[in-house]
Amino acid sequence: MAVPAFLRLLFTFLVLLCTALSPVANAEDQGYLQQLIQSAHQKHLQLRPEWHKLLHYKPGLLPGSYKSQVDAADFFFADNGKTDPGAELEATLAAFFKPFPAAPEDRHLHARCRFIARYTWLKQQLGFDATRLPEHECKRFEEWMAALNPQGVTLIFPTAYINSPASMVGHTLLRVDTRGQTEQTRLLAYAINFGANTGNDGGLLFAMKGLLGGYPGYFSVLPYYLKVREYSDMENRDIWEYHLTLTPAETRTMLLHAWEMRGIWFDYFFFDENCSYHLLSLIETARPDLELTTHFGAWAIPSDTVRVVEQAGLVDKVVYRPSRHSVLQYRMKGLPENEIDTIQKLAADDIMPDDKAITHMPIKQQAEVLELAHEYADYRHDDNAPQLHRLLAARSKLGVARPRINVPPGTRPDQGHATGRISLVAGHEDGHDYQELQLRPAYHDLLDPAPGYSRGAQIAFFELGLRHNDQTGNTRLQYFTPVNIISLTPVSDISTPISWEFNFGLTRKHGQQHDSMLATVNGGVGLSWSPLADTTVYGLIHVGLDAGNELHKGYAAGTGGAVGLLAQMTPRWSLQLFARDTDYTAGEAHNEKRLSLEQRYTLNKANTLRMEWTRQRQLGDDFSNFNLSWQHLM
Amino acid sequence: MKLKKHVFVAALFAIGSTSAMADNIGECGWGSKVFDGQSGIAPQVLAATTNGTFGNQTFGISSGTSGCTQDGTVSSTWQTAMYIDGNKKALARDTAAGQGETLDALAQLIGVDAQDKAAFNRVAQQNFARIFPSADVSAAQIQASLHDVVAGDAQLSKYATAI
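Protein chains in written order, with my numbering: chain U, 1 to 634; chain Z, 635 to 797.
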């Protein structure tokens, strides 16, 4: 019997409908998918470190649980992909079976191209059968790789902003070194950077959101020269370049994952999941056995991340790239007075390049004077573009080439002392003995050994001291200071930076009846000078606020000043002498004074001894303190 | 006669197209986007590490292509123009001084051979006033002038087409 035409039509329609609706085109595909999933489970691929690194899984709160640090939803195929490595693996495999887009411009969004590192690894582990899961070219990825032309990777560390020792915490980014790259052509490479997208926020909002994960953090790829212009020229930061031992194949493996991070974001936390941390999470995908992020929990300090990379045996060469300011400072040092004078006059536009004072100099000296006047003028003054151009034009007419300048590098930032510190103190205060245990998780204070850190800079986070008083037998919290920053940058020939300090926390102040625990906030500004090498003299004026129940009216506020001297006497021995006076005029009116001499002697990079003598007046009467301590840096 | 006219027109066309590309640098160049930085009195430590300087995100799945960049990388036809635009001041410094890393990298970009590098530096320095005629010269103008200077030098003219 012939099938009625309309039934045939209906049947055809239904077949077509089913074909159009099913996400996996046919039963055979489904079968192969299930086979792969089974194989994956047999091999426990969802437990493998490679899978966890690609998905950024970290152990969760409950034992055996996991949570990915990635916060962008489109990073996961499974609904519970953020917390279930197995489900995510299955959903990823399923996604590979989705039809490959016909439109060429959409193909980079298909799972096997968008998540090419996952695809490559799973294919290698499971042995995809090309007849059952067809291969496809990922053209856009290959174009990107061709532009990067990768050979290896260098970890880049820009250090402190000039005049901002507090920024010595620094930053890290990666540079993808190209095939055939030389020292002269490294500017042409691309950089991979992880940073927060902070919009136009500033001030306190910027600080709060940065601390609490209020900004999304993204990876970006951009020409390295843009970063050099930003860091070296605009911000005057020295750059350290740590070349990594990753082979071209390992570099490619890492870049497979970098590609996956396009448009993917993490909540950015200034302390722990910051620029340096996520760079490690990228680097560690280069080799199966690399575990770099596991060293970091509550915080990740950039120099510590560099240390970890080094300790993993990943660094084979380090290059120092001085900032414009460092070069200028180096070249100006040791020049004869009259030459400096001429340079300054030229820079201030008081004399012209065609002035006899300059044209009578030997050609090479003229060249130097014009170059330095240009650098000095650019650094020191604003809105002087025409003058700068004049200086360059005059310089170009001299026809000699600038000699290569080699600024001697200081200590590498990763070779300074370790950032954590524990101290054991034995002291005598106001007639009784005490012992104190002090902890400072991070980072560096004015008297810690200087090499690798900016001079005159102090950044201390979450310092605390526990004191045992022999007389009362009590052991109590003596102080807890979440933030304590001091920035002393000396005035120089080329700039007049502001020195400043800021701290807040809880501290015990010596009262009349007993010691009271007060909340304190202090902030100050001033200037510093460096009359001799390795010596800093400073003067600051400050405002202070103390709050506590034991104060009259519950608070005391006032202003005051401090003068101090910081000196390195020998490479191992440094001291700080300061006098501080604060007049609390509001709330509980009183006067506070402190005269202190603290000395530090370095035994080795991890151990120092200190001796401190203080004469103070706080809430009660005047008293003295003398203590000795051993500090262990770890 | 006709042949010469064709050659002349063709030559005009060639120069024209280079300039046209250089003129478009306005849309494609880094310009002020680059230095749209964080200002304000944020704690300097935070400013140093959050590093949100480049608000222009070019490494995303949707914002991938702008014609000049794709997924953060610069297309080859735009490389020289964007390099000049991103390094204007440093190039001026190096050109005036007759040598420097930024100038070296530009030479590399346009394919100058090792034995011609010294000549390139010298010729650039001699022609500083022509390549950088004023303080506010645009990247497009710099590129066009550099092209002409290189084209006009017997030893270096073979590199002019790359500029």
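Please keep in mind that the hints were generated in silico from the structure rather than gathered at the bench.
Note that CB positions come from ideal geometry on N, CA and C, so glycine has one too.
Don't take every hint at face value.
[Said to hold, decoys possible] Once the Cα atoms are required to be at most 30 Å apart in a straight line, the calculated DSBU-like pairs of lysine-lysine come out as:
#1 U:Lys397 <-> Z:Lys722
#2 U:Lys345 <-> Z:Lys722
#3 U:Lys139 <-> U:Lys209
#4 Z:Lys751 <-> U:Lys209
#5 U:Lys317 <-> Z:Lys792
#6 Z:Lys751 <-> Z:Lys722
#7 U:Lys317 <-> Z:Lys751
#8 Z:Lys792 <-> U:Lys333
#9 Z:Lys723 <-> U:Lys593
#10 U:Lys364 <-> U:Lys397
#11 Z:Lys751 <-> U:Lys139
#12 Z:Lys723 <-> U:Lys356
[Unchecked claim] Here are some chain U residues the structure puts well away from chain Z; computed CB gaps all over 10 Å:
#13 Ala102
#14 His108
#15 Ser220
#16 Gly263
#17 Leu292
#18 Met361
#19 His389
#20 Ala393
#21 Leu466
Hints, one by one, checked against the model:
no., hint, result
1, U:Lys397 <-> Z:Lys722, "holds, 19 Å"
2, U:Lys345 <-> Z:Lys722, "holds, 26 Å"
3, U:Lys139 <-> U:Lys209, "violated, 38 Å"
4, Z:Lys751 <-> U:Lys209, "violated, 49 Å"
5, U:Lys317 <-> Z:Lys792, "violated, 37 Å"
6, Z:Lys751 <-> Z:Lys722, "holds, 20 Å"
7, U:Lys317 <-> Z:Lys751, "holds, 27 Å"
8, Z:Lys792 <-> U:Lys333, "violated, 43 Å"
9, Z:Lys723 <-> U:Lys593, "violated, 51 Å"
10, U:Lys364 <-> U:Lys397, "holds, 12 Å"
11, Z:Lys751 <-> U:Lys139, "violated, 36 Å"
12, Z:Lys723 <-> U:Lys356, "holds, 28 Å"
13, Ala102, "holds, 18 Å"
14, His108, "violated, 7 Å"
15, Ser220, "violated, 5 Å"
16, Gly263, "violated, 4 Å"
17, Leu292, "holds, 18 Å"
18, Met361, "holds, 16 Å"
19, His389, "violated, 4 Å"
20, Ala393, "violated, 6 Å"
21, Leu466, "holds, 27 Å"
Violated hints, listed in ascending order, are 3, 4, 5, 8, 9, 11, 14, 15, 16, 19, 20; each of the other numbered hints is respected by the structure.
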